[in-house]
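Novice: These are the residues of each chain, in order.
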Amino acid sequence: MNALTQPSELPAARGCGDLPVLRERGQREVFCGLTGIVWLHRRMQDAFFLVVGSRTCAHLLQSAAGVMIFAEPRFATAILQERDLAGMADCNEELDRVVTQLLDRRPDIKTLFLVGSCPSEVIKLDLAKSAERLSRQYRGRVRVLNYSGSGIETTFTEGEDTCLKSLVPEMPALPAGQRSLLIVGTIADVIEDQFSRLFGALGIDQVQFLPPRRTDELPPVGDGTHFLLAQPFLNETARALMARGAHHLAAPYPLGAEGTLEWFRSAANAWEVPENTFAETLRAPMARAEQALERYRAQLAGKRISFLPDSQLEIPIARFLHRECGMELVEVGVPYLDQQFMGPELDLLPRTVRLSEGQHVDKQLDRVREDRPDLTVCGLGLANPLEAEGLRSKWAIELVFSPIHGFDQAADLAELFCRPLIRQEKLAV
Amino acid sequence: MQLTLWTYEGPPHIGAMRIATSMDDVHLVLHAPQGDTYADLLFTMIERRKKRPPVTYTTFQSRDLGGDTAQLVKDTIQEAYDRFQPKTLLVGESCTAELIQDQPGSLAKGMGITVPVVPLELPAYSRKENWGASETLYHLTRKLLSPMATATGSAQSPTPEGRRPRANLLGPSALGFRCRDDVIEITRLLQSVGVDINVVAPEGATPDDFVRIPDADFNVCLYPEVAATTCKWLERTFKQPFTKTVPIGVGATRDFLQEISSIAGVDVAHALAPSESQLPWYSRSIDSTYLTGKRVFIFGDATHAVAAARIAQDELGFTIAGLGTYSREFARDIRAAAERYGVTPLITDEYLEVEAAIAEVQPELVLGTQMERHIAKRLGIACAVISTPIHVEDCPARYAPQMGYEGANVIFDTWVHPLMMGLEEHLLAMFRDDFEFNDTAVASHLGPAERPAETPAAADADAPLRWAEDAERELSKIPFFVRGKARRNTESFAAERGIHTVTIDTLYDAKAHFGR
Ligand code: SF4
Ligand code: SF4
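Those protein sequences? They're chains A and B, same order as listed. Note that the working numbering gives residue 166 to position 166 of the first sequence, counting from 1, and the numbers run on in steps of one. Note that the working numbering gives residue 1276 to position 276 of the second sequence, counting from 1, and the numbers run on in steps of one.
These are computed hints drawn from the structure, not numbers from a lab. Take these hints with a grain of salt, some might be off.
For lysine to aspartate or glutamate, the following EDC-like pairs were computed, each having C-alpha atoms within a straight-line distance of at most 16 angstroms [what the hints assert, rightly or not]:
id: 1; chain 1: B; residue 1: Lys-1050; chain 2: A; residue 2: Glu-387
id: 2; chain 1: B; residue 1: Lys-1050; chain 2: A; residue 2: Glu-389
id: 3; chain 1: B; residue 1: Lys-1051; chain 2: A; residue 2: Asp-362
id: 4; chain 1: A; residue 1: Lys-363; chain 2: B; residue 2: Asp-1024
id: 5; chain 1: B; residue 1: Lys-1051; chain 2: A; residue 2: Glu-389
id: 6; chain 1: A; residue 1: Lys-363; chain 2: B; residue 2: Glu-1079
id: 7; chain 1: B; residue 1: Lys-1511; chain 2: B; residue 2: Glu-1472
id: 8; chain 1: B; residue 1: Lys-1051; chain 2: A; residue 2: Glu-72
id: 9; chain 1: B; residue 1: Lys-1377; chain 2: A; residue 2: Glu-82
Which chain A residues face chain B? A few, computed with CB under 10 angstroms, are given here [to be verified]:
id: 10; residue: Gln-62
id: 11; residue: Ile-79
id: 12; residue: Arg-83
id: 13; residue: Gly-87
id: 14; residue: Cys-91
id: 15; residue: Asn-269
id: 16; residue: Ala-270
id: 17; residue: Glu-272
id: 18; residue: Ala-383
id: 19; residue: Leu-421
id: 20; residue: Gln-424
Built from N, CA and C at the ideal position, the CB exists for glycine as well.
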């Protein structure tokens, strides 16, 4: 229970830049921001995502979504054709036609996101203008917004950042004199409920979530807003919220028991929750998390792990696996490093870690082969080839699609990393 | 712009990747943004390939666009060449790079690379995956074989005395449908009639193997979507004839053997009715009577759809209720087949159209792609997958060819499995109200699942047509797989006659009018 009562146990912030970073340029093996649609369209139940792009974009989306075709998806692609590019068809008219077709089919849609892609950006199709025009046309029925999910601008989870940023100007103003806590980033519904309960128990009852489950219930924002990032890839959204007067609560991310505790502490401090209320409230969940972690720690301790850049979750998860599960970090790669919002996490990484930013996938795989870690976290395209070389792997995308935040999921998160190791021990073929 | 929910084919550069990934000693450099690297997972996840596709992407970003993307292309080509040491280099671009017009193919040619360089034109805004595969195979073959075309004077000498005829198997590729097993099956079949296999390509071939293609007496065009263009060129250039029959199904396999006989002059009589071919007897067995007239809807690539239609009609005694393809390049074949079976051909790559067509026809079995599997699931109709696009479960661990006699055995099992067994179906029809055993349950060997609830078709039609309560109850006694159709038929029957309330009599009048 030390962590609960001794807030200053964490190392003092050392500022950034004291960890050497290996910066690489070469082939990147990551999804583009369009991929975010796969989870965003499930979270916001009255929103539809229309990608304006090519057949490649449509193909990426369905490949990333895999077999998750349980219901009609709330996303689609307006595929550019030769005649659109040759200027024979006015792209704006075409887009209006497609949007009309779509909204006729789905009268339940309240917000339509026009999502930019590489092709739409290269031909300089102004989706902001289109969104304005269509918003006027559908006023009172559908709000039309736009953001970029293109691969030339965004990397995988960054698509959620650009999407949420487009929602910020739409958020109503928080009346002066009111306070509220805003949790930013898509998390599983069950975790949202857990968090709400805990904040309530701490006496913080004005808690809202971005993105909301329905886009017609956007939370308000203003001077009285303090926000916590639930996901480590929402830098631009954070800056947009700050531009609307909101205050960022710096904290590690709520992954693992320790990260979650510090995350809650950051809010508790801002709300001046008494120390003992804080300790009392979080004692039980913290103890539960630590107990549940025990079993997995035994399996993970001393094992070596490398992360290839993928979801931006690499640093917080590496921190968790190292500090709470005793794993040895060999290399932690991230697509991009934003020191401002990663600072509290970087402070918790061991000084020995090889931190890399950007990617040169062939060189990085060379290093993996040389390091031979027990586990490599990587994208779907790389996992089986590594397995075939006798290197155990973990799909990074699973971390994005599983409930892993908060106290009660800390052990689940650890278990995800145990499974490939246990499997390796079990198999005798 | 085309509004698309799901797409049957990827863009053409995916086709190029399929050829490169099939082969050894080949590398493909693609000028493409980072997101396009998703394509690797198609091969490593769906097909569980053990190696990364031999593809290097430039992964240019926005900030590169202001600068020299051409230099980035050249650097990437040089690095990939140095690292992977391929014997042939393919160079292409995806949709976005096509717009910035760096012409990576021409750039590569000027780089002094000593192995053959094949520049690929992959127009992403007008063409699709199979076309891209076909073109890539064609240009690769041309590039590697053109020197020989002039040297040999392009004349194919007849098979020398005392040597068995040789054939190439062309078309099997990564992400094709059951190619691995089809190659084994057709290899065995050809060997059994005295034909040796010269080269299998592109799957498993190297550029050196390609060079031996002209050594064969003829080509077997296994997958026309991928290999027809190449086979035609080889016929023109090396006088190699090629087969036109795709041996899927018992009848087609026999026709294929006859074709081999006339091309290669071998005796195939003993191979026409081998004992391991179970389908003819299984289909005649009394148990299969219940298959008679089952209404099937068929959709897939043209080759597999046409083959499926023939098997369905001639070898299983089904009735074809719909036939279509997403392969526009082969629309003519589908039209011809559709005419033979008396249905309207459906040529489209729009998923929603296919869904509407299936909902309209209300078949008892859908033979389609992964897309149709989802449609069928939603509509509560039995389904088997016969064509790409595929998912991981369509790449089984066991030997499961589609071609040849064993392929026909596999097909019999796969298509019949999702259907209700004969007596089970009768019992359901007789005792519709059993609380445990009724038609919201699926076939007993398929495990627990519920059929989706049915929604009245004409609930919101503007014609004020209503169903009397007892007629509605009577309708619910009709087996689920024809109920939708019965409802629609009855309603259109009523509408034509100006009937506003459907009674039990209307229902049976309509039944008599339409027949089953
Ligand atoms: S990287 Fe660009 S072109 Fe490729 S799928 Fe993503 S948005 Fe589309
Ligand atoms: S839009 Fe067409 S049509 Fe386009 S990418 Fe593509 S292949 Fe294509």
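Novice: Which hints from the list above does the structure break, by number from lowest to highest?
Specialist: 4, 8, 9, 13, 15, 16, 17, 19, 20
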